[in-house]
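So the protein lines, in turn, are chains A and B.
Going by this note's numbering, the residue at position 198 of the first sequence is 198; the numbering climbs one at a time, nothing skipped.
Going by this note's numbering, the residue at position 49 of the second sequence is 49; the numbering climbs one at a time, nothing skipped.
Worth double-checking, as some hints may not be accurate.
Stated by the list, open to error - Listed next, the in silico DSBU-like pairs over lysine-lysine satisfying Cα-Cα at most 30 Å (straight line):
(1) B:Lys44 with B:Lys225
(2) A:Lys212 with A:Lys114
(3) A:Lys283 with B:Lys44
(4) A:Lys283 with B:Lys362
(5) B:Lys309 with A:Lys283
(6) A:Lys283 with B:Lys283
In short, the hints are calculated from the structure, not lab data.
Listed here are the chains, written in short residue letters.
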Amino acid sequence: MGQLNVAVIIKLEPDFSEGNVSYNPDGTLNRAETKNTLGPHSEIAAHAAFFAKVMYDAKISIGTMGPPIADLALQQAQQISDAEELHLYSDRLFAGADTLGTAEVLKTGIHKMKEKMDIVFSGHRASDGETGQTGPQTAWKLGFTFLGNVVSYTVDVETRTVHAKRLISLQGTPDVLEEIEAPLPVFISIDPTYKSSFNKISYRLAFHKYRKEAAERAEKYKDYFTMFNAQELGVDETLVGLPGSPTIVYKVERVPKSTATRHAEIIDGSDPEQIKKVVTKMKEALAAMVIK
Amino acid sequence: MAEKFRHLYVVIEHEDGEFLPVSLEMIGEARRLMDDFNSKYSSKEKVVAVMLGHNIKDVSKKLIEYGADAVIYSDNPELKDVRNTIYTKVISQIAQDTKTLGEVEIEYASDIQRPRYMFFAADSIGRHLSSTVLTELESGLASDINQLVIEDIEMSHQQKTAGKKEIYAKTLEMYRPDFSGFLWTTILCLDNRNPSFPRDYHPQSCSIIPGVFEQLKPNSSRAGKIIGFTPTIDAQDLKVKILSRQIIESEVDFETPRTIVSFGRGIKEEPEQNIKLVEQLAKELNAEIGITLPISKKPFPVSSSLDSKYMIPDRVIGTSGHKTSAMLYIAAGVSGAMQHVWGMKDSGFVVAINPDEDAPIKDECDIFIKGRMEDVIPLLIEEIKKQIQIMETA
Numbered sequence: 001m002g003q004l005n006v007a008v009i010i011k012l013e014p015d016f017s018e019g020n021v022s023y024n025p026d027g028t029l030n031r032a033e034t035k036n037t038l039g040p041h042s043e044i045a046a047h048a049a050f051f052a053k054v055m056y057d058a059k060i061s062i063g064t065m066g067p068p069i070a071d072l073a074l075q076q077a078q079q080i081s082d083a084e085e086l087h088l089y090s091d092r093l094f095a096g097a098d099t100l101g102t103a104e105v106l107k108t109g110i111h112k113m114k115e116k117m118d119i120v121f122s123g124h125r126a127s128d129g130e131t132g133q134t135g136p137q138t139a140w141k142l143g144f145t146f147l148g149n150v151v152s153y154t155v156d157v158e159t160r161t162v163h164a165k166r167l168i169s170l171q172g173t174p175d176v177l178e179e180i181e182a183p184l185p186v187f188i189s190i191d192p193t194y195k196s197s198f199n200k201i202s203y204r205l206a207f208h209k210y211r212k213e214a215a216e217r218a219e220k221y222k223d224y225f226t227m228f229n230a231q232e233l234g235v236d237e238t239l240v241g242l243p244g245s246p247t248i249v250y251k252v253e254r255v256p257k258s259t260a261t262r263h264a265e266i267i268d269g270s271d272p273e274q275i276k277k278v279v280t281k282m283k284e285a286l287a288a289m290v291i292k
Numbered sequence: 001m002a003e004k005f006r007h008l009y010v011v012i013e014h015e016d017g018e019f020l021p022v023s024l025e026m027i028g029e030a031r032r033l034m035d036d037f038n039s040k041y042s043s044k045e046k047v048v049a050v051m052l053g054h055n056i057k058d059v060s061k062k063l064i065e066y067g068a069d070a071v072i073y074s075d076n077p078e079l080k081d082v083r084n085t086i087y088t089k090v091i092s093q094i095a096q097d098t099k100t101l102g103e104v105e106i107e108y109a110s111d112i113q114r115p116r117y118m119f120f121a122a123d124s125i126g127r128h129l130s131s132t133v134l135t136e137l138e139s140g141l142a143s144d145i146n147q148l149v150i151e152d153i154e155m156s157h158q159q160k161t162a163g164k165k166e167i168y169a170k171t172l173e174m175y176r177p178d179f180s181g182f183l184w185t186t187i188l189c190l191d192n193r194n195p196s197f198p199r200d201y202h203p204q205s206c207s208i209i210p211g212v213f214e215q216l217k218p219n220s221s222r223a224g225k226i227i228g229f230t231p232t233i234d235a236q237d238l239k240v241k242i243l244s245r246q247i248i249e250s251e252v253d254f255e256t257p258r259t260i261v262s263f264g265r266g267i268k269e270e271p272e273q274n275i276k277l278v279e280q281l282a283k284e285l286n287a288e289i290g291i292t293l294p295i296s297k298k299p300f301p302v303s304s305s306l307d308s309k310y311m312i313p314d315r316v317i318g319t320s321g322h323k324t325s326a327m328l329y330i331a332a333g334v335s336g337a338m339q340h341v342w343g344m345k346d347s348g349f350v351v352a353i354n355p356d357e358d359a360p361i362k363d364e365c366d367i368f369i370k371g372r373m374e375d376v377i378p379l380l381i382e383e384i385k386k387q388i389q390i391m392e393t394a
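Just chain A, with the same shape it has in the complex (with noise of 0.2 Å):
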């Protein structure tokens, strides 16, 4: 039974957990003050991912792209994942990067990493960013199967082959699970509903004894960790950062506000003679539709 590798990608977002979080009188997120932390999705990532060190006893490596500080969230990614390798790539070539120029520092990452990957996790998308796209596209880099909105896997280490059910979401129809089958290599952004379940007693014992592990790892997270700047990574600088961009953001501005389209009747809250008067306007609006 040969070795099972697996990489997570994940990325430091802004908490938005209240007290952390900090937004403009205009409603507009606060960066300075907000607090940051690995993001919601990259923690799904990163138990995906220790769901194989569990099942499979696969080693689990996990890479960044970020500021000096996003080591954090590599530490807590650890924690979760029980990583025996921690990739910080750091350099001010990267910054301003969208999507593309994103996924081709964390391929190249991934090249780097010193076992060859069969598995590649990342999260559904950024809870700041929220597009979605760096998982497929770094995917399509690495040449390595995508399989999106994963809710389970389970992987055959004989045959080298992954399992997957899929969580597939369109517009006017209903939700189909989709059940597939790959060869590996494979890529998964995982789904937010995704959760692992450990249905053995040695699945069990193996989950408290990685867990354990994973917290002794992530207090000495350092020995661990490489940060890699651009000339180390040995990246293509036009494909990175913002040569390596095809898109700008051109302006950010905010929502114009839109013409009242209702125009509202103010009621004081605190006077149940006035709520009651509300309560007979939601009746009678109830009522009126039905006529129609």
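Please arrange chain B on chain A, whose structure you already have, making use of the hints.
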């Protein structure tokens, strides 16, 4: 002038030959854009629908009725179900096959190399397909677009133009709402004119949010070209086997209930209690519960049962979730960001509960109850209970 890049290609999604609404919406928007484009630039560039599948030739012709000038279809048993690798390869082939491109418009057949613009749907299929196709084509992609404009843009950019002022003609301005719903970002896909490494970036591409644009009424008198494309399929591209496809019912149903109660960040002072209040209110009204996008990012710690039941993407009302036309829509502690409003504005009667009279939701509701949800909802519940025999009898 001979141009290497012409036309707007729209990648069609369908389920066994039934077009998804977003496909027709994209064709409708493409038609509007290219009509303006052709009159502005005295040109004759086309809206080209690209459709892959099996036994689809006849149905693909319908796309002409919805506004396409030409349809390029690829009909093959291997294309029956969407599989990313083979679909990416075939769409990329279509976008680069000069013979097929030439057939769209014979007059310019000798010059054309690629489409000028390309649209995909921002859904479970199109989001990933657009990513892999544009990686294969090595061009730019913007996601989740809800407004499009074509203009000549004069700009200087440190990288793109090496700081020189340049005019980028016929540039697609792609507008996307950001995660907060308050900001609109315009993305451009621009050639590198920097002399140190010039590079063409075409097609300029994006994925489009379903439900945003209008589809056109089908017009059977419209004529257009139907072009068959025979793909080159390599066994390497067929490694994914689909073993089964099973329809699953979502636990969240925004279609059946007449009333939807949604909540937003206004729950923050007492999240656990406030969600429970929303639950009670929804129960009294037989309503489904919706949330705003920020809530799906789980900004407040609540008990795991409430968290897993309510703070989930499936409940989001808005551009990154569901669109509703409920008879009664109650927005509790919802500020009214654009992306949320898009999802609820077609509702019949809208009641907002919010302490802040300046919140944008005030312009999107019929009754604005000024107050904190923790104070207002109990009064509402009490009053509804009094009148319950008349409510929701249907």
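Each hint tested on the structure:
no.	hint	verdict
1	B:Lys44 with B:Lys225	14 Å, holds
2	A:Lys212 with A:Lys114	24 Å, holds
3	A:Lys283 with B:Lys44	55 Å, violated
4	A:Lys283 with B:Lys362	21 Å, holds
5	B:Lys309 with A:Lys283	28 Å, holds
6	A:Lys283 with B:Lys283	15 Å, holds
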